[in-house]
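J.: If you're matching them up, the sequences are chains H and C in order. All the letters of the first sequence, read from the start, carry residue numbers 126 to 561 under the numbering used here. All the letters of the second sequence, read from the start, carry residue numbers 126 to 561 under the numbering used here.
A hint or two may mislead.
Copies of one chain are not kept apart here, so a pair can be met inside one copy or by any two copies together.
[Unchecked claim] Listed below are the simulated DSBU-like cross-link pairs for lysine-lysine, each with C-alpha atoms no more than 35 Å apart in a straight line:
1) Lys192 with Lys240
2) Lys155 with Lys353
3) Lys274 with Lys502
4) Lys343 with Lys309
5) Lys284 with Lys495
6) Lys178 with Lys240
7) Lys495 with Lys552
8) Lys284 with Lys497
These are calculated hints, taken from the structure and not from any lab test.
So you can see what is in the structure, the chains are spelled out below.
Number of protein chains: 2
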Amino acid sequence: MAVPSGPKGTRDFYPQIMAIQQHIFDSWTKTSRKYGFEQFEGPMFEHLDVYRKKSGDEIEKQLYAFKDKAEREIALRPELTPTLARMVAAKGTTLKKPLRWFSIPRLFRYEKMQKGRLREFFQLNMDIIGIEEVSADAELIAAAIDMMKDLGLTADDFKVRISNRTLLEELFEHYGLPREDHQKLYALLDKKHKVPPENYDAEMEKIIPDTDTRHNIKNIFSMNSLEKISNCCGKQLDSIENLQHLFDLLTSYGFDDYVVFDIGVVRGLAYYTGIVFELFDANKSMRAIAGGGRYDNLIKLYGGPPTPAVGFAAGDVVLAELLKEKSLMPPDPPRSDLFIITSDDVAYDQRIATARQLREKGIRCEFALKEKMNMTKQLKAANAAGVRYALFLGKEENEQGKVRVKDMRTGSEELLDVENFGSQMVKLLDRCCSER
Amino acid sequence: MAVPSGPKGTRDFYPQIMAIQQHIFDSWTKTSRKYGFEQFEGPMFEHLDVYRKKSGDEIEKQLYAFKDKAEREIALRPELTPTLARMVAAKGTTLKKPLRWFSIPRLFRYEKMQKGRLREFFQLNMDIIGIEEVSADAELIAAAIDMMKDLGLTADDFKVRISNRTLLEELFEHYGLPREDHQKLYALLDKKHKVPPENYDAEMEKIIPDTDTRHNIKNIFSMNSLEKISNCCGKQLDSIENLQHLFDLLTSYGFDDYVVFDIGVVRGLAYYTGIVFELFDANKSMRAIAGGGRYDNLIKLYGGPPTPAVGFAAGDVVLAELLKEKSLMPPDPPRSDLFIITSDDVAYDQRIATARQLREKGIRCEFALKEKMNMTKQLKAANAAGVRYALFLGKEENEQGKVRVKDMRTGSEELLDVENFGSQMVKLLDRCCSER
Chain H
126 MAVPSGPKGT RDFYPQIMAI QQHIFDSWTK TSRKYGFEQF EGPMFEHLDV
176 YRKKSGDEIE KQLYAFKDKA EREIALRPEL TPTLARMVAA KGTTLKKPLR
226 WFSIPRLFRY EKMQKGRLRE FFQLNMDIIG IEEVSADAEL IAAAIDMMKD
276 LGLTADDFKV RISNRTLLEE LFEHYGLPRE DHQKLYALLD KKHKVPPENY
326 DAEMEKIIPD TDTRHNIKNI FSMNSLEKIS NCCGKQLDSI ENLQHLFDLL
376 TSYGFDDYVV FDIGVVRGLA YYTGIVFELF DANKSMRAIA GGGRYDNLIK
426 LYGGPPTPAV GFAAGDVVLA ELLKEKSLMP PDPPRSDLFI ITSDDVAYDQ
476 RIATARQLRE KGIRCEFALK EKMNMTKQLK AANAAGVRYA LFLGKEENEQ
526 GKVRVKDMRT GSEELLDVEN FGSQMVKLLD RCCSER
Chain C
126 MAVPSGPKGT RDFYPQIMAI QQHIFDSWTK TSRKYGFEQF EGPMFEHLDV
176 YRKKSGDEIE KQLYAFKDKA EREIALRPEL TPTLARMVAA KGTTLKKPLR
226 WFSIPRLFRY EKMQKGRLRE FFQLNMDIIG IEEVSADAEL IAAAIDMMKD
276 LGLTADDFKV RISNRTLLEE LFEHYGLPRE DHQKLYALLD KKHKVPPENY
326 DAEMEKIIPD TDTRHNIKNI FSMNSLEKIS NCCGKQLDSI ENLQHLFDLL
376 TSYGFDDYVV FDIGVVRGLA YYTGIVFELF DANKSMRAIA GGGRYDNLIK
426 LYGGPPTPAV GFAAGDVVLA ELLKEKSLMP PDPPRSDLFI ITSDDVAYDQ
476 RIATARQLRE KGIRCEFALK EKMNMTKQLK AANAAGVRYA LFLGKEENEQ
526 GKVRVKDMRT GSEELLDVEN FGSQMVKLLD RCCSER
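Starting from the given sequences, assemble the full structure and let the hints guide the process.
T.: What follows is the structure, given as structure tokens:
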């Protein structure tokens with residue numbers, strides 16, 4: 126009979142693969158906590174309307190949506206932000222702001238599978254709720270950078286590309302582009318690096334027939350500094366000041382090498398209201414690893430009080446690819462610290478009693494569960510389990526009041542007193558961990 | 126506008142509730158690792174057939190089942206064991222046995238909501254794959270007990286009730302009950318404590334019309350020790366020997382106070398092949414907290430090689446109720462270790478620079494994100510955040526090369542040298558943790 130396979134776009138996390146996931150989750154948790162963020166979670170699915178509210182009917186095409194047995198329309202969550210907005214809105218003004226909340230949700234999107242995209246994936250979400258100043262955006266971008274640094278990545282490996290949704294609006298208005306044409310231009314800008322330059326130019330001409338206006342706006346789009354844009358349009362724009370202050374703050378965080386201004390970052394979605402940013406590998410050869418920005422209207426949209434908010438989400442799939450490329454994946458961790466081996470003249474009970482002592486001290490240990498097994502086979506089992514140490518209990522050592530410990534990596538052995546070998550093992554393991 | 130609510134039978138995990146969940150998850154992970162178990166995970170949904178294979182078409186009624194956009198029948202997972210069996214079967218003989226695997230899956234059942242039952246819940250799953258001896262059952266039951274002990278529960282709070290699926294079979298055969306009547310009797314036995322005694326007796330008479338046979342079997346069912354059953358039926362049964370050895374091994378683990386023989390534990394499902402057990406609160410006033418047993422045929426059923434296996438699952442909902450009843454819930458943890466407060470004559474940058482230094486040392490810290498905020502308001506924000514310490518940066522202290530630290534619990538203050546206050550804070554926090 127054929128073994129059934131898992132659903133398309135999902136992953137089976139065997140222990141070695143799970144260890145890599147866990148390494149990423151641990152790092153995400155550690156960074157979030159360092160920044161004073163508290164963990165929250167929501168249901169794995171929501172009423173479909175919760176997603177329609179934020180993204181319109183279009184979203185349904187990308188969702189796992191279904192009716193439950195009571196004919197309620199339900200969807201597996203494609204992102205956590207609607208749940209966050211719903212939860213914050215539900216508490217009205219009773220939650221003490223600002224909130225610093227993080228979560229590591231499992232998410233689902235029914236979409237065409239491509240490199241870096243799966244139908245089931247994980248994210249880190251971090252959000253600061255209740256602060257309208259750009260200092261919150263800075264704190265959040267700093268956390269995103271620290272998240273990458275904690276995994277061993279440097280300023281040579283990734284950059285946060287930052288813009289401001291209102292900057293384009295202000296520029297378009299300054300150059301007299303009619304408001305009804307803004308959306309078309311956003312769309313074009315969003316695909317700048319995805320279409321050939323000649324097509325880009327042709328489309329631009331269609332949207333902005335006037336040569337001078339087109340020249341001015343095209344010129345602006347090619348600029349890679351706030352100063353140039355400011356000089357060019359001849360007046361100080363609020364959004365530029367806002368961005369400049371953000372970059373100054375990020376310099377205070379020590380992160381000037383990690384951030385760049387990029388007018389091309391648009392974050393298509395309608396719900397962003399200010400600063401937007403995307404985190405890419407340095408060459409921009411992969412999809413975005415993280416993205417976020419300010420969304421000051423969303424909690425109100427879900428029936429809550431007007432509440433400023435800023436947040437980002439980082440995905441696990443592209444991040445794991447980058448870690449692999451940079452050889453920053455963790456080495457296979459040993460399943461246990463220690464494997465207990467007994468000689469034929471020692472009762473099986475002794476394995477249990479020894480494990481009890483060690484486990485009470487928090488040492489991860491195991492032993493062969495077949496009661497009658499010779500020492501050679503037990504040692505083979507210890508090797509298969511990939512443990513760090515083997516502990517031998519023989520009649521001879523027993524009579525001397527000793528146990529023998531073998532370092533499976535170096536092969537070196539030492540004798541420990543039977544009376545306090547638990548504590549001695551804790552010391553050995555500490556030493557072994559600090560050597561890594 | 127009304128705030129939308131989450132779907133029926135699901136939970137919103139606000140940070141305080143999430144902290145309790147995380148406390149349980151951390152304990153589950155710690156115990157599993159102590160026993161040398163490796164973590165694995167599977168997809169959140171499977172092809173519906175994966176569940177039909179194990180439990181028949183009936184199971185569909187209790188599932189969130191739906192068709193995806195390619196008309197594939199999909200179901201949110203109601204348990205992890207089918208996924209485990211599929212994953213182990215898929216690797217054939219290439220996985221080195223025995224496996225010690227654990228997982229903390231999120232699961233979904235579409236069922237009537239009752240106390241202790243939700244439509245979305247979490248479990249700890251632990252399985253040992255590849256050992257047919259009862260020593261594996263003992264190791265697993267020991268782990269289940271240690272899981273409870275690690276959360277602060279004692280032998281006065283809970284018991285593991287153990288039986289053997291083949292024991293009933295052997296007894297029925299011994300007393301000459303026809304094989305076709307066995308299943309009816311299993312069903313009756315499973316609901317012994319749920320129906321009035323007179324109904325129980327009446328049903329018993331229907332299934333076993335012969336007075337002597339009925340008397341013998343009823344007598345057996347009332348026995349609470351293996352010895353009595355053995356004496357009564359007048360011969361040594363394999364299943365009793367198997368159980369007796371299991372209890373001996375659990376005594377070696379030091380857990381004789383935690384386990385009882387209970388012939389009433391049946392675990393209705395067809396897939397169990399030997400030892401079965403259920404973990405209840407001591408008074409059996411709640412639903413089972415954990416249940417499991419041996420399932421030696423399941424991996425073969427999924428197309429893998431014949432592979433003995435034993436496992437258990439513990440749910441989060443009833444466990445949390447018991448912890449609450451026993452006042453063993455963790456206290457609200459502080460969101461951060463420290464809140465940085467600056468006086469009006471110190472620049473906002475100083476908050477950032479100080480946070481950088483502390484976060485680099487792994488200290489969880491935050492500060493007011495409103496740049497212009499007076500000290501009184503900052504202190505209020507520190508109180509609202511529920512931090513352990515407040516760190517004051519004032520011009521006066523600055524000139525003396527000092528920072529002032531206030532213990533928010535006791536109100537006591539001390540001055541630290543500005544040069545190495547990070548390390549001094551680490552020491553203060555260590556002391557504060559060990560005082561808890």
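J.: Decide, hint by hint, whether the structure agrees.
T.: Structure-based check of each hint:
In the homo-oligomer, the alpha carbons of Lys192 and Lys240 lie at most 35 Å apart both inside one protomer (31 Å) and across protomers (25 Å), since each shortest distance falls under that limit. Taking the closest pair of Cα atoms, Lys155 and Lys353 never come within 35 Å of each other, the shortest separation being 39 Å inside a single copy and 56 Å across copies. With identical chains, the CA atoms of Lys274 and Lys502 are at most 35 Å apart between copies only, with a shortest distance of 33 Å across copies and 44 Å within one. Proximity of Lys343 and Lys309 under a CA criterion of 35 Å is satisfied intra-copy only: 14 Å inside one chain copy versus 81 Å between copies.
For a Cα distance limit of 35 Å, the shortest separation of Lys284 from Lys495 across copies, 26 Å, qualifies, whereas the shortest one inside one copy, 54 Å, does not. In this assembly of identical chains, the alpha carbons of Lys178 and Lys240 lie at most 35 Å apart whether taken from the same copy (30 Å) or from different copies (33 Å). With identical chains, the CA atoms of Lys495 and Lys552 are at most 35 Å apart within one copy only, with a shortest distance of 30 Å there and 47 Å across copies. When the C-alpha separation of Lys284 and Lys497 is checked against a cutoff of 35 Å, the pair qualifies only between copies, where the shortest distance is 30 Å, while the shortest distance within a copy is 58 Å.
Of the numbered hints given earlier, the model fails hint 2 alone.
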